[in-house]
Every structure is written in structure tokens, then in C-alpha cells.
Amino acid sequence: MSNPGEFLQAAAQGKIWLYCQECGQAKNFNDVEHLNCIENESYWGNEPWWHDTRVFKCKDCGTEQGSKIEFVP
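Everything in the sequence shown is counted per my numbering, starting at 1 for the first residue and increasing by one.
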């Protein structure tokens, strides 16, 4: 999935997830408040969005934290 459009489409379809350590559960990419994206400076490939850390606020527990993203088909 090296095309950024495919990534955006997967997110819109609810196939992208983040992990909330406080809740101990996976959270849908669309169901959290996105605060920041931290670039993985050691990754030089053509799919950087899979290797960044997303900083988000969980709507269930209210904590702010970072997580790698996961694709669930």
C-alpha cells in the first residue's frame, strides 16, 4: 500500500487502528482525536505513514498517547 490514496481510503473504510495502552484495546483511527504525527526519521522507504507514530487522545479514557498504526483488512 505505497499509494497515499490507498491509505486514506483504508482509513475512511475503518481499516486503520491505533492501540490505547490505558484502555488496553485497539481504537479505530476515525474514533480518536488526532493531535500530532511524529515522523520516523530512520525510515526512508515509500510508505512513511505506516512507520510514523500517531499522537492521539482516546475518547473513552481521555488520555493522550502515541501509537503506531495497524491495518486490519
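Think of the hints as simulated: they come from the structure by calculation, not from any bench. Careful: at least some of the hints might be erroneous.
[Stated by the list, open to error] Simulated pairs of lysine-lysine, DSS-like, Cα-Cα distance not exceeding 30 Å: (1) K59 - K27; (2) K27 - K15; (3) K57 - K68; (4) K68 - K27; (5) K15 - K59; (6) K27 - K57; (7) K57 - K15; (8) K15 - K68.
Verification of the supplied hints:
1. K59 - K27: At roughly 9 Å apart (the allowed maximum being 30 Å), K27 and K59 satisfy the hint.
2. K27 - K15: Measuring from Cα to Cα gives roughly 10 Å; hence the hint holds.
3. K57 - K68: With a Cα-Cα distance of about 14 Å, the restraint between K57 and K68 holds, given a limit of 30 Å.
4. K68 - K27: The hint holds at about 12 Å.
5. K15 - K59: holds (18 Å)
6. K27 - K57: Distance ~11 Å between K27 and K57 Cα, so the pair holds.
7. K57 - K15: Cα-Cα ~19 Å, so holds.
8. K15 - K68: OK: K15 and K68 at ~14 Å, within 30 Å.
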